[in-house]
Structures are given as structure tokens and as C-alpha cells.
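Protein chains: 2
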Amino acid sequence: MINGKNIIGFEYSNEGSETFKAVNPALVTEIDGEFYSATEPEVARAVEKAVIAFDTYASLSGEKKANFLDQIGAEILDLGDELVQRAVQESGLPETRIVGERGRTVGQLNNFANLLREGSWVEASIDTAIPDRSPIPKPDLRKMLIPIGPVVVFGASNFPLAFSTAGGDTASVLAGGNPVIVKAHNSHPGTSELVAEAIYKAAEKTGMPDGVFSHLQDKGYSVAQQLVTAEGVKAVAFTGSLRGGKALLELSARRKVPIPVFAEMGSINPVIILPGALENHGDLATQYAGSITLGSGQFCTNPGLLVSVASDSLENFKTQLGNEIEKIVPTTMLNEGIYAHYQSLKENTIEQAGVKVLSKSSHNPGNTSGTPLVATVSGNDFISNPSLHEEVFGPFSLLVECSDQDQLERVASLIEGQLTITLMGTENDLINNKAVIKKLIHKTGRILFNGVPTGVEVCSSMQHGGPFPASSDSRFTSVGTGAIKRFVRPMSYQNWPNDLLPLELQDKNPLGIWRLKDNNWNNSTE
Amino acid sequence: MINGKNIIGFEYSNEGSETFKAVNPALVTEIDGEFYSATEPEVARAVEKAVIAFDTYASLSGEKKANFLDQIGAEILDLGDELVQRAVQESGLPETRIVGERGRTVGQLNNFANLLREGSWVEASIDTAIPDRSPIPKPDLRKMLIPIGPVVVFGASNFPLAFSTAGGDTASVLAGGNPVIVKAHNSHPGTSELVAEAIYKAAEKTGMPDGVFSHLQDKGYSVAQQLVTAEGVKAVAFTGSLRGGKALLELSARRKVPIPVFAEMGSINPVIILPGALENHGDLATQYAGSITLGSGQFCTNPGLLVSVASDSLENFKTQLGNEIEKIVPTTMLNEGIYAHYQSLKENTIEQAGVKVLSKSSHNPGNTSGTPLVATVSGNDFISNPSLHEEVFGPFSLLVECSDQDQLERVASLIEGQLTITLMGTENDLINNKAVIKKLIHKTGRILFNGVPTGVEVCSSMQHGGPFPASSDSRFTSVGTGAIKRFVRPMSYQNWPNDLLPLELQDKNPLGIWRLKDNNWNNSTE
Chain A
13 MINGKNIIGF EYSNEGSETF KAVNPALVTE IDGEFYSATE PEVARAVEKA
63 VIAFDTYASL SGEKKANFLD QIGAEILDLG DELVQRAVQE SGLPETRIVG
113 ERGRTVGQLN NFANLLREGS WVEASIDTAI PDRSPIPKPD LRKMLIPIGP
163 VVVFGASNFP LAFSTAGGDT ASVLAGGNPV IVKAHNSHPG TSELVAEAIY
213 KAAEKTGMPD GVFSHLQDKG YSVAQQLVTA EGVKAVAFTG SLRGGKALLE
263 LSARRKVPIP VFAEMGSINP VIILPGALEN HGDLATQYAG SITLGSGQFC
313 TNPGLLVSVA SDSLENFKTQ LGNEIEKIVP TTMLNEGIYA HYQSLKENTI
363 EQAGVKVLSK SSHNPGNTSG TPLVATVSGN DFISNPSLHE EVFGPFSLLV
413 ECSDQDQLER VASLIEGQLT ITLMGTENDL INNKAVIKKL IHKTGRILFN
463 GVPTGVEVCS SMQHGGPFPA SSDSRFTSVG TGAIKRFVRP MSYQNWPNDL
513 LPLELQDKNP LGIWRLKDNN WNNSTE
Chain B
13 MINGKNIIGF EYSNEGSETF KAVNPALVTE IDGEFYSATE PEVARAVEKA
63 VIAFDTYASL SGEKKANFLD QIGAEILDLG DELVQRAVQE SGLPETRIVG
113 ERGRTVGQLN NFANLLREGS WVEASIDTAI PDRSPIPKPD LRKMLIPIGP
163 VVVFGASNFP LAFSTAGGDT ASVLAGGNPV IVKAHNSHPG TSELVAEAIY
213 KAAEKTGMPD GVFSHLQDKG YSVAQQLVTA EGVKAVAFTG SLRGGKALLE
263 LSARRKVPIP VFAEMGSINP VIILPGALEN HGDLATQYAG SITLGSGQFC
313 TNPGLLVSVA SDSLENFKTQ LGNEIEKIVP TTMLNEGIYA HYQSLKENTI
363 EQAGVKVLSK SSHNPGNTSG TPLVATVSGN DFISNPSLHE EVFGPFSLLV
413 ECSDQDQLER VASLIEGQLT ITLMGTENDL INNKAVIKKL IHKTGRILFN
463 GVPTGVEVCS SMQHGGPFPA SSDSRFTSVG TGAIKRFVRP MSYQNWPNDL
513 LPLELQDKNP LGIWRLKDNN WNNSTE
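For the record, the sequence lines run as chains A and B.
Here the first sequence stands for residues 13 to 538, where the numbers follow our numbering.
Here the second sequence stands for residues 13 to 538, where the numbers follow our numbering.
Simulated from the structure, these hints should not be mistaken for laboratory data.
You may find that some hints are simply not true.
Under the rule of at most 20 Å between Cα atoms (straight-line distance), these lysine to any residue pairs were calculated in the SDA-like manner [stated by the list, open to error]:
1. B:K450 x A:K446
2. A:K446 x B:L254
3. A:K455 x B:E403
4. B:K520 x B:K497
5. A:K450 x B:E403
6. A:K268 x B:A70
7. A:K446 x A:G463
8. A:K268 x B:E403
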């Protein structure tokens, strides 16, 4: 079923001469089937088609866009086991994880469809005219969110479904009324193509315009470079490494017309272990050994830094954590590059002054399996060594043992922008640490009490995105329905005839949505 | 009363040796009193104090911040005629305009204070836990908007009060919970200092932390450069020229940690004159002659481009518009630089191929008075000459006469991002132009029917900010209470103890604000 071609609107295209194959990271063997890197004219055509499609797609009703999104979900499920097996082969992730991730992906599409059907997300606001206001009449003004234009989405290596071709970024772009051009991640080109075909079918079946969706393959970086600097592209969404995100930001800085680039670049997700948490150090160790190694530690919310004050119970926790980590069977990492990077970062870290390894794995890892590892370091050594502050992407965590509360606060002050920060302890611990928590809040997008950061609930109150370097713009989230706000903007109509306004802004509120009318919220349809 | 010193938190400072004087643009004479350009250590101290103040100010209650904003308004009014006269002297704007602008400035401060007291602006969202959800429990998640950190605001030359020291940018920064560092515009340093002293007094009287506000003078650009690249600064707000805005964007691109730079850079605010509008060409001419020359044409929303299809009634309108423009008495422009720039751009424009001058002013202008001028050009000449697409900042407008509807649509397709686009005509004209309007909507922040763009109503439904180059990020507005969103970001609390949550997120809704609870909006306090 996989043909390796690019999808440019309703057209399959393989004009290029460069091809590549997917690699099975568990076996380190190539998988059958060649993929065609998109050529410059192909990329240009995808952008051109998206620009034309925008004219039509931007003004489709919420209902029509919702049907498209739901249909994408249905087509993905229709792919059945073929998709699951391909994703397992290409990502090295276990089948249960892929099936779960597929559920999340379809769920996200349905969530956005529901948001569109309900309709209030456009933040309609109406200020009615006051013709006899003095000294000058007040005009009638009505505002709502409208789409911004074609958006480029980069597939993420660590979520081959939920943050790739039909993942959260694509869903929020399409929900916002914007055509999308997906650059497939070259770690899972076949998975990406299967999902792209599902989107193609859904677009055809629900009558979407040609160019609302394109899907481009590339072995290297030239497609990315062309897309990010293309005039017709109005925004970019990316989930990946700090290095990758920075490269995109630099590239986009060269544009004549600046555009928003939302890059979610991960973080070390510090966990502050307060005294009360150590009373049950066994449970804590089990819980965190699981979180540190979940998905081979390849979650953006992986807890890479644990911070606590030295004590007898911390000693017990350390032993316990080491034991629990040793029990974990190493699992395949996403690709050879990520595996090699993990190995070198891990080795570099444990060679640093004062770093002691807590766990020794006796498992015999497979080819690209990442052996979990936890290490400790003193607060002093951590503070004086910035290389220990960097992310080690993989099943790794560094426990910083502070000499006292003051040192813990100094360590906390060195923390950069994060997706999550977690506090483990009792309510009294939180009260005793009010001052440090007050500062930590301004360094993170989400703050947790007594939990693990690795579960990212998809709901209205989720914030996934934090101060730099966690993401490029902390004012937006890439998870949850709020993610749509990255790709829309407010537009005001002044004194526009009622019948010619979008339905969302007409007097009688025909869609029955919540609106701010003369500064009061209501959803009345008069 | 004016001492020319910088204000760094609760400290007056004049450590530098460089001084400058304000210039009265009407007389082209220096005004008594020297202003001290801030030195590098002074700028650094302002940033440092802002960073420290953020700790306290960010978590003040809405009520306390509202009192601060209202007090700033009261202190500004308390300055009485001294402020009005100084602003008139420094800006060349008439007294009635300055008094009106002061009213708007105080009104904006009060609007934000009301927004804070009402409290729902934080977009509180609550998803309650489902502990027995399978396969995994749903955690409790609660999200709200929180401040981002110290913000730099640049005073604007064309609004010495409403978009300068205590203008809309400063009000929205402070309302959001962020300290502000104002770089005074060197066209009106005395006006700026007087207002800065009002803010200083208000901060003292309402118990604000040292460093919540600083005010820096500079003859040149070094203070701006230092501020935009300072580590402690978390956002920038600017209103001014495209050249100035682009320079700030380029400067901020050098930062290690990227920050949002909101630059409102003006536009040419095209007006499409449809056939129905020309039936009353006399009224239309009077209305537009007023709008083109309002405030010497120095509004960001000044209508600099009129577009219509050639016809007999357009000929009549042209004659009428020329006559009306000739009646307008030239008024002083904001400063010598702006005047000289207007002269040279105007002269360059009327020298272009096919450009014909419609109005000849017989008034004898003062030193820096900008003589109003309207000119015409054919659609063909306009399309082929990009230099005619640029803004001429001042009382100038170019009427493009298209040969037919097709050419009008081609001219419309060349329009770049705008703050406003206006359609003049009948409802039938709008219906006949549906296709072109559909495209124009994606080029503007506000679209008007039968009005002039120069009135910018301050209300919830106002959008002031459009696609580049109108502003650097069309997803935000700089007018209206929505302007606060530029300087806040969402933050989620997961499983946080109820009593330790901010009041906005506690179960019992003690502030009685509107919240999205389990996906339903309500303001119940149980």
C-alpha cells in the first residue's frame, strides 16, 4: 500500500531522484520501500496549492471542518493493524503504546471537531453602536478569530501518531481554518504516509479543496528550509530538540515577512522532592523509576532532574531508586541517531566531577536499546557545572543532593524555562516552600503536586508549552484545544451590515455560541 | 517642575553627561530644560529593579493593581494645565486634541482597572479529577493567565499621552502584572517626564514595589538597544514606523532567549470606493478630506490609499476632494524629522510616472506645517510601480483610478497587511464585491463599511494590529482590553491543594469570576 510518493493536494508526486528507506531501530535493518525526497518545485507546488485552498477553506463552516476532522480519525482507525505494525517497526515503540497513541490521536481530532461544532472558540465579541454618544457616535464593532493562512507542521520523532502527520499540531491548524503542509519525520516515513493517505481520503470524501493538505518526505533538511522561508507560509509548528527548534527560529528570522514559529523543544522537567515525600520513599522510587523510563525516556515531559536536601531518608530513597531502575528492561529507542546521542550525553554526564552512578543495569540491551540510568551529584557540583543543566534525552535522571534548604533554593534559581515542574511532599512542605514555589511558577507551563509529569492530559486546562527553552512562545500551548489559538487572529468588523456578517457575529446569534455582547457573556439567540 | 532626570524605580538619576533639549516643532526653537540620556549602568539598574519587583508585583491582587492604575489616571489629571501646555509645546498638536487624548489615556487606565476588578480576563479553566477513570485516573487541572515578566515600552511620537508613558501599552503591561520600563520618546521628553512622575506618585501612594516602573530618556538609540537585548526583559511593545519596528525585531533576533516583540508599524489603510458611494460624492469628499488631514495625517489609521473605478461621478468626486483638501489649513507636524520625511516622500511620489496632483494649497504653512495633498494615478501605473505602495506619513492620500473592476481586483491583490481596510458604498456594492472582500479580510485587522478608519474606538471588540507590516504579530491587538494578552501566558496547576491555589482557581470561586469548569462557562460561587 505504501508507494513512497509525496502528496501535493490531491496529487501523488515523485519527481525527485533522491530516495531513502525507513530503518527498523530494533533490528537496525532497512524496511522495504523507498521514499522520494520532495524536490524544490514539488515543495513550491504544495505551498501554492495551500495558498489557493486557503481562500475556500478559511470560510467553511465549523460543521464542515468538523466533519473533515472526524473523517480523518475514522480513516486512521480504518487503516487497522497495518498502521500499528508499521509504526511499531519504524519507531521501536511497543504495540500497546502505538494503539494507545492512535486512540489519543483520534481523540484529539474529535475534540477539535467538537470545539468547532460548539463554535464559541472564535471568541466573538460585539460592541453595539451608540449613535447619539457625545462628542462622537460610537460605531458598531464586532470581533472574532479568523485563520491566518497555510501552516507548516513538522512530524515529531517521539510521537509518530499523536504529534506527527495527523497529530495535535495538524488538528489545530485545520480546525483553525488553515491548510496544512506536513513535513514527515524521516524516522517514520511509512507511518506518516499511511496517515497522510487517510487525510487525503477524508479530504476527498468531505469535499475539501485541493491543497488543504500536503505531505512531503525528505531525507535531509532542504524541504524544511524551503518551507520555513516560503512566502505563502504563515506559521510553523514544530516539536523536537532545542537544536532543531533553534535552527527553525534562525531560519525564519531570515524571512522578509516574519511569521510565528511555535517550537516545543522539551525540557528537563525538574522534580523537587520535599521531606514529606521521602516518608514513603519506596512508593516514590517505584513511581519515578516508571516515569523516568516510560517510552525509553523519550517524552518531552520526562523527569530528567530530581532535587532534594540530603537526609537519611534521601539515602534510603537513593538505594531504592537505584534498585527500581535496575529492574527496568531496556527498550528500543526511536532511531540510531537518538540512541547514539543518548549514549554520548549519558557518558559525558557521568564523567563530570562529583557525579556518581546510582544504578547498574545487568540487562543485555538490544542494538539500540537505551539502558536506564540514574546518577547523583552534590548541589555544589551541580551549581558550578552548567553542562549538568542540559537535557539528556532518554531514560536518564540526575538527582541533585543539596546540603540544605538554601542550596536547594539556589539550585531552583538556576532552572531555565520548563514544560513542567513537580513538587513532591505534603501540603505543609508546600507551605514551607512558598517563596521558592512563587519563583518556580514563573519558570514553567505546568506545575504538579505529587504526581509524575509524563502524563499529558488532553483537556481545556492543560498547558503544554513553557518559558524558553521549553517552547519558543510561552503564551501558547501545543496540547489541548487551546492549541488552535496559535493559528488564528482577531479581526474586527466596523458598521458592517448584519446580513453580510459571518454567522458568529450576526445579531440573532444563529449558531447559539457564547459571545461577549456589550461586555457581558451570553449565548442567547434572542 | 521638570528636572530632566531618569526615574529608576523610586529613584531620580542623572549619572550621564549627555543631555538634550525638547524642541517646539511649531516655532522650531528649543524649550528650556535639559534631559539626561540614561547611561548603561542606569539602564541595567532599571532592568534589575524590574526583575526584583516582578516577584512581588506579579502576585498582587487584581484590586491592588486596579487601584494603582486608577491612581495613575488621577495623578495625570492632577497635573492639570501644566501637562496639557507642555504636550502642546512639544508635539505641535492643538490643545483640544491633547485634552481629548488625556481623556482617552485616563479612560484606558480605568478600563484596565475595571477589567482587573471584574477578574474574568484570566481565562480560568478547571477540569476536575476523575480518579476512577480507566485505564488511568484523570488528574485535576486548573489553568489561568499569569504575567510574563518585565516589559519595555517605547513612547510613540504621534500619541504623546495615549500611546506613550502611561498609554495603552503601559496600562496593559501593568494590568497583566508586569513591571514596565518606559523609554521616553525624545520628541516629547518633558510630557513624558510629567506623566512618569504621576506614575511614580501613584506607585508610592498605592504601595507598589520599587522598580514596578522606570522611565528612561535618550537622545539616540543606545538605551533602546540595551533594553531590547537585556536578559531580564521578557517582552517589548512599540508603536512607530516600519523602519523602527524592523530595527527592534532585528535587534531582538540577536537575543539568546527570544521574547515577543509587539511592533505596531502603521499602514496605508486602503479605502475602496464602490459606485454607490459616489452618488453622494460631496459628502464623501468632505468626510475624507477631514480623515486624511486629521492630526496632520499622523494617525496609524490615516487613509493613505483610495481605490476606485473610473467614472463620471469619480471625476466629480476628484474635483470635490481636491477642493476640500485645499480648504484645510496646514498644521504643525510632530517634529522636524517627521516633517522633512513627509516633504521628501511627498515630492518623490508626485514625481512618479502618471501621478497627478489634485489639490493646490494656497495657505502659507508655518515652519514645520505639513501641507495636505492628494494625488491620482491610474491603476496601471500603480500596479507597475511598487514605490507608490509605500506609506507617506502625513496628510497625504493617493487615489488609484482603475480602468475596470478587474483592475480594481488586481490593485486589491497587491495590498499588504493593514490595520484597516474600508469599503465605501451600498450593501449591494458589498454583495457585488464578495470575492474581493473575502480576500481583503485576510489582509487587515479591522474592516469598515461606510466610515473613516481614523477613529479607533477603545472597546472589547476593537482590533488594532494586522498582518505584517501593519504589526509584527497579527494575533494580538494594542488597543482595547485585549491588549493585555500580549503580556500574559497560561499556566496549569495539576493536583494542587485547593487552599494553596490562586483565588481565581479555588473551588468556591471566591472572586465570582467567569470560569470554564469541566467545559462549561459559569460564574457561580456555589
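Hints, one by one, checked against the model:
no.: 1; hint: B:K450 x A:K446; result: 53 Å, violated
no.: 2; hint: A:K446 x B:L254; result: 45 Å, violated
no.: 3; hint: A:K455 x B:E403; result: 41 Å, violated
no.: 4; hint: B:K520 x B:K497; result: 26 Å, violated
no.: 5; hint: A:K450 x B:E403; result: 47 Å, violated
no.: 6; hint: A:K268 x B:A70; result: 36 Å, violated
no.: 7; hint: A:K446 x A:G463; result: 19 Å, holds
no.: 8; hint: A:K268 x B:E403; result: 17 Å, holds
Hint violations for this structure: numbers 1, 2, 3, 4, 5 and 6, all remaining hints satisfied.
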